[in-house]
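Residues per chain are reported as follows:
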Amino acid sequence: MNLIKRLGLTAAGALIAASAVSAAWAESAAERAVKEAQKYKGQTITIVWEAGLQSLDPLNFSGPLWEKLTGMKVKVVEVQTAEMFTKIMQEYRAGTGAYDALNVMPSWMPDLANAGALEPLDAYVDKYGYKDEFQKIAPIYRDNWAKANGKIYGLPDDGDVFIMYFRKDIFEDPKIKDAFKAKTGHDLSVPKTWKEFGETGSALTEILKPQNVYGAAFFRQPPYTMFMFQERFRNEGGKFFDAETMKATINSDIGVKVLTDMRNENKFMPPGVEQWGFVENLAAFMAGQTAMTISWPPYGRWAAGYGTDDKALNWVPKSTVGGKVGYALPPGGHPELAAGFDLSIASTSKNKDAAYLFIQWLNSEDISLQRVKLPTTLRDPFRDSHYTDAGYLALWPDAKDYLKTLKDASLAGIFDLSVLQTDKYEEVLRQAIGKLWAGEDPKVILDAAAGEWDGITKKIGVDKQKAVYADWASKSGAYPK
Amino acid sequence: MTSASHADNSGGAHHPSRRMPDHNFRYWIIAPSVFLLLLIGLFPLIYSLVVSFQQITMTDYDTSFAGLTNYAQLFDDARLWQSIAHTLIITIIALPIELVFGLAMAHLFLERMPGRQIFISLIVLPTVISPVVAGATWRLLFDQRYGPINQVIGWFAGHDVIMLWNITPHLVYPAILICEVWQWTPFMFLILLAALSNVDKSLTEAAELDGAGFWRIFFKIVLPAIWPVMAIAILIRGVDLFRIFDVIWALTSGGPGTMTETISIYTYVQGFQQFESSYTAAIAFLIVGLMSVIVIWAIRRMGLAK
Chain A
1 MNLIKRLGLT
11 AAGALIAASA
21 VSAAWAESAA
31 ERAVKEAQKY
41 KGQTITIVWE
51 AGLQSLDPLN
61 FSGPLWEKLT
71 GMKVKVVEVQ
81 TAEMFTKIMQ
91 EYRAGTGAYD
101 ALNVMPSWMP
111 DLANAGALEP
121 LDAYVDKYGY
131 KDEFQKIAPI
141 YRDNWAKANG
151 KIYGLPDDGD
161 VFIMYFRKDI
171 FEDPKIKDAF
181 KAKTGHDLSV
191 PKTWKEFGET
201 GSALTEILKP
211 QNVYGAAFFR
221 QPPYTMFMFQ
231 ERFRNEGGKF
241 FDAETMKATI
251 NSDIGVKVLT
261 DMRNENKFMP
271 PGVEQWGFVE
281 NLAAFMAGQT
291 AMTISWPPYG
301 RWAAGYGTDD
311 KALNWVPKST
321 VGGKVGYALP
331 PGGHPELAAG
341 FDLSIASTSK
351 NKDAAYLFIQ
361 WLNSEDISLQ
371 RVKLPTTLRD
381 PFRDSHYTDA
391 GYLALWPDAK
401 DYLKTLKDAS
411 LAGIFDLSVL
421 QTDKYEEVLR
431 QAIGKLWAGE
441 DPKVILDAAA
451 GEWDGITKKI
461 GVDKQKAVYA
471 DWASKSGAYP
481 K
Chain B
482 MTSASHADNS
492 GGAHHPSRRM
502 PDHNFRYWII
512 APSVFLLLLI
522 GLFPLIYSLV
532 VSFQQITMTD
542 YDTSFAGLTN
552 YAQLFDDARL
562 WQSIAHTLII
572 TIIALPIELV
582 FGLAMAHLFL
592 ERMPGRQIFI
602 SLIVLPTVIS
612 PVVAGATWRL
622 LFDQRYGPIN
632 QVIGWFAGHD
642 VIMLWNITPH
652 LVYPAILICE
662 VWQWTPFMFL
672 ILLAALSNVD
682 KSLTEAAELD
692 GAGFWRIFFK
702 IVLPAIWPVM
712 AIAILIRGVD
722 LFRIFDVIWA
732 LTSGGPGTMT
742 ETISIYTYVQ
752 GFQQFESSYT
762 AAIAFLIVGL
772 MSVIVIWAIR
782 RMGLAK
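Protein sequence lines, in the order shown, are assigned to chains A and B.
Taking the numbering used here, the leading residue of the first sequence gets 1, the next gets one more, and so forth.
Taking the numbering used here, the leading residue of the second sequence gets 482, the next gets one more, and so forth.
Quick caveat, the hints were computed from the structure, so don't treat them as lab data.
It cannot be assumed that every hint is accurate.
[Claimed, not checked] Selected chain A positions facing chain B (in silico; Cβ < 8 Å): (1) 111; (2) 267; (3) 271; (4) 421.
[Said to hold, decoys possible] Computed far set for chain A versus chain B, every beta-carbon distance over 12 Å: (5) 134; (6) 196; (7) 242; (8) 243; (9) 275; (10) 423; (11) 475.
Don't be surprised by glycine CBs; every beta carbon is placed ideally from N, CA and C.
Just chain A, with the same shape it has in the complex (with noise of 0.2 Å):
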C-alpha cells in the first residue's frame, strides 16, 4: 500500500513536473516578455518611430497595450523618415540616453553598428528565450535584414516588398484581348520580364485610350525611383561593384539599358508621371486610371477597401477597383525589399533590458500579427504565420491572393544595398534619376554617377567598403540567385 501510495505520489509529481515544463514550453515570446517586464513596472520607454501613420501602431495600440499589461509607459518620438538616421546618430553622438529603441532601416544597419550606435542583440534573444520565433520570421528579412558583421542589430518588423498591382477586369476582358492579341500577336498576360512589361504596358495605353486609362504607371519621383532601379538593374544582371577593384559598374551596358528603358515607358504612362510620388500613383490606380502599377504592399490592401474608412486614412482616395485588383511579382520576379524597418535598441539606452522586452514583444508571433492587420499603420505581413493566418486571409475576398504574393516575395526578394555611408551612394542614385526625367544621356548619368560612386568609396577607404560589401553580397538577398 505505501509503496502503491509512493508510486502514486511519484507519477503525480512527475506529472505535476511534466505539466510545468510543457507549460513553460507553451509560453510564447510575448508572454515571456509581458512576464518579465513586469519588473520594471513603473518605467518609461522611449522609442523612435516614423512619424505619421506608423506612428499610430505604438501610439494606439502596442504603447497602451503593452503599459497594461506590465505598467510601463512608452514615450513615442515621431521622426519623419528623411530625418530617422540623423537623429539617431546625433543622439548617440551626443550619449544622452534619450532613446531607448529605435526603429532602423536595414540599408543603416552597416553605419550604425559600426559607430557602436545599436546593441547586439544575440544575447538578448537567448536569455528572454526568442530564438525559435525569431527563426519563424520570413527567412528573406531574417537572413538579410537583421545582421551587420554577424551579430543580430535589429529584428525585422515590416514586410517591405515592392508588388505589382494589375487590374484583373483589364486583363480577362474578352474584348480588350482581342484587341491585345491583335494588336501584338500574342495572348494578354500579365508581364512577367521588363520587355514584355514594356510590350503590355504601350498596347494598352492605345487600347484603353477611349476609356482614359493608361497601361501602367509607377511613382517616378527620385527617391521611389531610386529603389525600381536598384531591383531592376539586379533583375536584369546588373552588379554594383567589382567586388575586387570595388570600381563602381553602375554604368554598365544592362544600367544604360535600364535608364533608357524607364524613360521610354513614361511614354505610354500618364503625362507628368516624371512628377508623381507614392500619393498621386496610388489615386491614379485607386480611379482606375491604370491597368498596371508597382508599389508598397498596403496599395493592395486600400485597393480592396480595406480600413480606408479609418478616420486616419481620410486622405486615401476611394477606391473604385475594390475586387478587380490581382497580385503578382514585378517583371524579372526578384522584388524590391525597399527600405523596410527593424527594431533596434540604442547602445545609450539607460533601459536596454526593458527596452529589448518591449521590441520582443512587438516583434513577436503573436503581436506581430495583430500589428500587421492594423489597416492604418503601414506594418507589412513579414513572418510565415502572417502569410497563412486565417483572420488575414479573411480581411477580402481576393486576401489569399495578396498574401501569396506577399509570401512569393518574401521568398524571392533582394534587398536595398546596404554598405557604409549608402544615403550617399542613393544620393547620386536619385540625382541620376532627376537627370534622366531631365532628358540627359543615360550613358552621361551613369558614367557621372559611377565617377561619383568611386569617390565616395575611396573616400571610406577601398578595403574598409570592400569587406562591408562582401557581407552584403554574400547575403541571399543581396543579388538575384
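Guided by the hints, dock chain B onto chain A, whose structure is given.
Chain B alone, transformed into the frame defined by chain A:
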C-alpha cells in the same frame, strides 16, 4: 557740499581700493551681457572654425587634425562652385525684378485711392507666409495633374499642355523665379512705399512747374531721396537671395539632378544628409568670407557707410 567733495572727504586719494569700482563700474555692468553675447555668437563661430580643420563626419569618430584638406577640397568641388553659380543666377535675375516691380507698385499706391489700405494688406500677404509653405503651394500650382497653371495655359493654347515645371530644365528656373518674385516683391513694395511717401512733395511739384518730365523728376529728385532706404532694401534682399533655401527645397529639392542646387542647399546636403561635418564647416566659412566681401563692397558702393 557736493557728493564729489563728500567722496573726497570720506576716502579720497587715501583709499584707491574703494574708488576703483566706481571707475570701472560701467564695464562691470555690461560684462555679463558681453560675455553672454560672445558665448552665444562667437563660440559657435570659433568652434566651427576648429571643426573645419578636422575630419569629423557623423558616421566616424575620427577627430584628428586635417590641416587645410577641407579648404583645398573646396577648390576641387565642382558641385560647390556650380551651386554658387546657381545662387548668383537667381540673385542677379530676381533682385532687379523685385526692385522694379516693387518700385512700380509703390508708385502706383502712392496716390490716395479707394480701398488703398485693403489692397496694400492683400499685396503684403505673400511676405508673411513661410517660404517653405510658399514653395509647396507653388509646387501644387505647377503640378501637371492637379495644378491650375497648366490648365489655364491649356485653355489659352486650345489643347492640353504638358509642362513639368519642376523637372524640365528650361522651366525650373522660371518656376523658382516666379515663386520668389511673388513672395518677396511685396517686401520691396512696402519699404519703397514708405520711402516714396517721405519724398518732399514741394520739390517734385516745383520741378513739374519748371517743366521737368516724369523720368527727369524721378532720377534727379525722387531716386536720390529714396536711395538710402532703397539701398538697404537691395542689400537685405540680396543677402536673403544668396541664402535662398526653402522655396527651392520645396519646389525642386535642388533638382533635376543638381541643376537648381544653391549654396544653402548644397551646404545642407553636405552637413545633414552626407554628414560631412568638417567639410560643411569649411563651406560655411567660404560663404562667410564671400558674403563679407560682397556686403562690404556693396555698402561702400552704395554709399551706406558715409
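Hints the structure fails to honour: 2, 9 and 10
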